[in-house]
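*Asks:* Those protein sequence lines, which keep their order, are chains A and B. So in the numbering used here, spot 283 of the first sequence is number 283, and the numbers just go up one at a time. So in the numbering used here, spot 125 of the second sequence is number 125, and the numbers just go up one at a time.
These are calculated hints, taken from the structure and not from any lab test. As the structure is a computational prediction, the values presented were derived from the model and not from experiment. Treat each hint with caution, since some may be false.
Quick list of the computed label-pair ranges, beta carbon to beta carbon [said to hold, decoys possible]:
1) Q206/A with R6/B: 47 to 55 Å
2) Q3/B with R161/A: 36 to 44 Å
3) G529/A with I171/B: 31 to 39 Å
4) T162/B with L427/A: 38 to 46 Å
5) E211/A with T162/B: 41 to 49 Å
Facing chain B, according to a computed beta carbon distance under 8 Å, are these residues of chain A, among others [as the list claims (entries may be wrong)]:
6) F141
7) E326
8) M360
9) L561
10) L563
11) G565
C-beta: ideal position from N, C-alpha, C; glycine also.
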Amino acid sequence: MNPSAIFQTLLYFGLLFALAWPLGQYLEALLAGRLSERCRWMAATERGLLRLMGTTDEEMSWWRYALALLLFNLIGVVALYLLQQFQGYLPFNPAAMGAVSPDSALNTAVSFVTNTNWQGYAGESTMSHLTQMLGLGVQNFLSAATGIAVAVALIRGFAHRSAVNIGNAWLDLSRATLWLLLPLSFLFALFLAGQGVIQNLDAPRQVQTVETLVPQSLPMGPVASQEAIKMLGTNGGGFFNANSAHPFENPTPVANFAQMLSIFLIPAALVFMFGRMVGDMRQGVTVLASMTLLFLGMLAVVVWSESQANPLLLNLGMDGSMGNMEGKETRFGILASALFATITTAASCGAVNAMHDSFMPLGGGAVMWLIQLGEVVFGGVGSGLYGMLLFALLAVFLAGLMIGRTPEYLGKKIGSFEMKMVSIAILITPLLVLGGTAVAVLADAGRAGMLNPGGQGFSEVLYAFSSAANNNGSAFAGLSANTPFYNLMLALAMALGRFGVIVPVLAIAGSLAAKPRLAASSGTMPTHGSLFVALLVGTVILIGALTYIPALALGPVIEHLQLFGVPR
Amino acid sequence: MKQLIRPALVLFTLLSLLTGLLYPLAVTGLAQVLFPVQANGSLIEQEGKVIGSSLIGQAFSSSRYFWSRPSATGPMENNGLASSGSNLGPRNPALVDAVKARITRLIAAHPDHVGPPPADLVTASASGLDPHISPAAAHYQEERISAERKLPLERVRALIETHVEGPGLGIFGEARVNVLELNLALDAVAGN
Numbered sequence: 001m002n003p004s005a006i007f008q009t010l011l012y013f014g015l016l017f018a019l020a021w022p023l024g025q026y027l028e029a030l031l032a033g034r035l036s037e038r039c040r041w042m043a044a045t046e047r048g049l050l051r052l053m054g055t056t057d058e059e060m061s062w063w064r065y066a067l068a069l070l071l072f073n074l075i076g077v078v079a080l081y082l083l084q085q086f087q088g089y090l091p092f093n094p095a096a097m098g099a100v101s102p103d104s105a106l107n108t109a110v111s112f113v114t115n116t117n118w119q120g121y122a123g124e125s126t127m128s129h130l131t132q133m134l135g136l137g138v139q140n141f142l143s144a145a146t147g148i149a150v151a152v153a154l155i156r157g158f159a160h161r162s163a164v165n166i167g168n169a170w171l172d173l174s175r176a177t178l179w180l181l182l183p184l185s186f187l188f189a190l191f192l193a194g195q196g197v198i199q200n201l202d203a204p205r206q207v208q209t210v211e212t213l214v215p216q217s218l219p220m221g222p223v224a225s226q227e228a229i230k231m232l233g234t235n236g237g238g239f240f241n242a243n244s245a246h247p248f249e250n251p252t253p254v255a256n257f258a259q260m261l262s263i264f265l266i267p268a269a270l271v272f273m274f275g276r277m278v279g280d281m282r283q284g285v286t287v288l289a290s291m292t293l294l295f296l297g298m299l300a301v302v303v304w305s306e307s308q309a310n311p312l313l314l315n316l317g318m319d320g321s322m323g324n325m326e327g328k329e330t331r332f333g334i335l336a337s338a339l340f341a342t343i344t345t346a347a348s349c350g351a352v353n354a355m356h357d358s359f360m361p362l363g364g365g366a367v368m369w370l371i372q373l374g375e376v377v378f379g380g381v382g383s384g385l386y387g388m389l390l391f392a393l394l395a396v397f398l399a400g401l402m403i404g405r406t407p408e409y410l411g412k413k414i415g416s417f418e419m420k421m422v423s424i425a426i427l428i429t430p431l432l433v434l435g436g437t438a439v440a441v442l443a444d445a446g447r448a449g450m451l452n453p454g455g456q457g458f459s460e461v462l463y464a465f466s467s468a469a470n471n472n473g474s475a476f477a478g479l480s481a482n483t484p485f486y487n488l489m490l491a492l493a494m495a496l497g498r499f500g501v502i503v504p505v506l507a508i509a510g511s512l513a514a515k516p517r518l519a520a521s522s523g524t525m526p527t528h529g530s531l532f533v534a535l536l537v538g539t540v541i542l543i544g545a546l547t548y549i550p551a552l553a554l555g556p557v558i559e560h561l562q563l564f565g566v567p568r
Numbered sequence: 001m002k003q004l005i006r007p008a009l010v011l012f013t014l015l016s017l018l019t020g021l022l023y024p025l026a027v028t029g030l031a032q033v034l035f036p037v038q039a040n041g042s043l044i045e046q047e048g049k050v051i052g053s054s055l056i057g058q059a060f061s062s063s064r065y066f067w068s069r070p071s072a073t074g075p076m077e078n079n080g081l082a083s084s085g086s087n088l089g090p091r092n093p094a095l096v097d098a099v100k101a102r103i104t105r106l107i108a109a110h111p112d113h114v115g116p117p118p119a120d121l122v123t124a125s126a127s128g129l130d131p132h133i134s135p136a137a138a139h140y141q142e143e144r145i146s147a148e149r150k151l152p153l154e155r156v157r158a159l160i161e162t163h164v165e166g167p168g169l170g171i172f173g174e175a176r177v178n179v180l181e182l183n184l185a186l187d188a189v190a191g192n
């Protein structure tokens with residue numbers, strides 16, 4: 001990597017950790033309930049909410065907690081589906097958008113509720129302002145709050161001793177939304193508006209262009225408010241089709257850097273919160289170090305890959321010094337595009353400021369693999385942490401097998417029930433990705449969607465299922481995915497990929513909470529420090545490599561060899 | 001189960017109203033007061049008519065103007081209501097053909113320029129609405145503009161240089177030139 005890339009990466013992580021540390025402190029106080037004990041109006045608000053809901057702040061068993069989240073999310077799917085069907089009759093629709101097709105509406109509803117934000121539609125020609133705000137925007141908040149709730153419930157499983165319950169789902173959801181996501185989004189939205197992100201409720205505005213040959217219509221809408229939570233909640237669903245490459249969503253390199261920071265901010269803060277809640281910050285730092293290492297390795301590949309010019313275009317006489325500029329914006333160039341792409345796929349954000357389908361084969365392959373690792377490199381808000389903790393359990397289990405001891409993590413003995421749940425949660429996404437891809441490439445309806453020929457077409461399908469099942473939401477967007485086949489297949493992958501992990505995670509939380517917390521002895525394997533970092537990183541890479549390298553060989557790898565390996 | 005339905009419905013409704021109406025409307029109100037120009041699209045007016053946005057690229061085809069980057073939006077280039085990249089993979093023959101045609105056209109239109117065309121001038125942007133080109137891409141076109149507008153080459157170069165925006169805060173992103181603003185300045189200097 002060149003000096004500028006190294007400097008920007010260092011600056012990025014320096015700022016990220018400096019912001020995430022105090023936020024982690026705040027989150028711990030907030031979600032442990034100490035903040036509302038101290039602050040009277042917060043407590044009063046929460047009490048009022050609970051009274052309206054007709055419930056109490058009583059803690060829940062794991063299955064009750066899971067049921068509450070599932071119900072809450074199901075209501076979200078129904079509401080978002082109906083809103084898209086009836087947007088034509090509702091206010092805030094200056095461009096007179098009609099009903100969305102049923103299969104696309106279902107796909108989008110599942111997509112935004114599961115924090116995937118896969119978009120088969122193009123926002124500027126499909127969604128009314130009301131649907132954007134009251135439908136998609138709301139789920140940007142609530143899906144992130146759901147992720148935080150699951151993560152904090154799992155942490156309580158480790159922190160509680162011989163308890164039956166793992167927290168109150170309603171309180172966790174409300175606190176994450178009211179006292180974290182909402183205030184942060186509000187500030188960030190105003191910052192973005194100052195940078196040039198639009199924020200109004202107008203109809204598209206027709207302008208006379210300078211050459212006046214063809215007038216141009218400029219899309220309008222409440223973009224800044226949507227953009228802020230889209231990044232902070234690692235949602236990634238763009239107001240416009242071009243997402244964060246659109247100048248109205250991401251107008252300046254400074255806005256772009258802030259957007260990149262906001263993607264990792266809450267996932268990183270949650271890891272610090274984890275360290276505090278289990279009473280051992282070294283545990284949090286170890287997890288964070290593992291994530292950072294995995295991230296830096298993949299970043300190097302993407303930056304290197306995109307800095308190269310396409311050899312086929314060099315042959316035509318193009319100047320290659322700028323690198324691979326197809327599908328990239330001038331104001332971002334190679335470095336800010338590569339950094340953004342790595343961040344958005346490491347976190348399950350899925351916003352894009354460059355078109356991944358036009359990346360060089362290995363650059364596109366690297367970001368795809370980051371998704372396939374299970375979105376545990378910082379990952380989605382909440383989901384990244386609970387995903388990584390599943391790998392930590394797997395790592396202590398593997399180490400336990402090697403040394404012949406009962407595995408322990410954070411003082412809790414890991415039994416066969418926990419390992420069964422870990423296996424389900426870790427294996428369900430590969431099943432959905434590889435199974436879904438296989439079905440799609442065998443079906444005419446699946447192959448019909450490919451834009452690019454050869455291995456790149458296969459990559460488009462593999463990327464789509466990887467993105468859906470791991471709840472990322474970015475795409476090799478050449479794929480025409482707004483068809484009943486892809487809308488339904490991907491909706492299924494998104495739903496199972498989200499809740500097929502959440503339910504086992506909560507089961508683990510419940511089972512662990514019931515166990516006593518053992519004191520560390522001389523025979524306990526330490527789960528902090530560089531040895532455990534190596535073990536954890538190794539486990540993540542091992543699972544990701546064994547599962548996906550055969551499929552990646554048919555897409556990005558073969559494309560790379562064909563692009564660079566053929567003598568000319 | 002029954003005891004969970006009411007809390008779920010009530011909480012969903014309340015949080016929806018708060019995050020889905022109150023929040024975006026409050027941001028709209030504040031942004032309209034604090035940043036009225038930006039919040040409404042950074043529009044550029046000329047003689048009382050809105051002629052574009054400084055953030056949204058326009059297509060320029062006349063040889064009297066600096067050209068923007070290629071745009072992959074349909075049905076016409078730089079369609080504001082259909083932002084999109086080409087999504088062509090690096091080995092797609094359609095990409096190679098498109099770039100070949102662009103290079104041929106550029107070389108034919110710039111016979112006086114020495115050196116190959118820069119990458120951003122022959123590749124489609126991510127949004128299809130990229131308002132910028134690189135400084136190299138602007139300088140690539142300077143001989144043509146100088147001849148067409150009957151301006152000394154030095155004058156055109158100086159005009160480009162005054163329109164180069166450096167990286168954000170000196171470090172973020174790339175140096176760039178806003179094509180619409182550059183062309184408006186050109187019209188002001190040379191008359192349209």
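*Asks:* Hint by hint, note whether the structure agrees.
*Replies:* Hint by hint, here is what the structure shows:
1. Distance hint check for Q206/A and R6/B: the Cβ-Cβ separation is about 48 Å, which falls inside the suggested range of 47 to 55 Å.
2. Between Q3/B and R161/A the CB atoms are about 27 Å apart, so this pair departs from the stated range of 36 to 44 Å.
3. Taking 31 to 39 Å as the suggested C-beta distance range, the pair G529/A and I171/B conforms, at roughly 34 Å.
4. A hinted range of 38 to 46 Å is violated for the C-beta pair T162/B and L427/A, which are about 60 Å apart.
5. The beta-carbon spacing between E211/A and T162/B, approximately 23 Å, falls outside the hinted interval of 41 to 49 Å.
6. For F141/A, the interface hint holds, the least distance from its beta-carbon to any beta-carbon of chain B being 4 Å, beneath 8 Å.
7. A distance limit of 8 Å between C-beta atoms decides the matter here; for E326/A the minimum to chain B is near 4 Å, and the interface restraint holds.
8. Because the beta carbon of M360/A sits about 6 Å from the nearest beta carbon in chain B, less than 8 Å, this interface hint is met.
9. Interface restraint check: L561/A against chain B, minimum CB-CB distance 11 Å, threshold 8 Å, status violated.
10. Because the beta carbon of L563/A sits about 5 Å from the nearest beta carbon in chain B, less than 8 Å, this interface hint is met.
11. The beta carbon of G565/A comes no nearer than 12 Å to any beta carbon in chain B, farther than 8 Å, and the hint placing it at the interface is violated.
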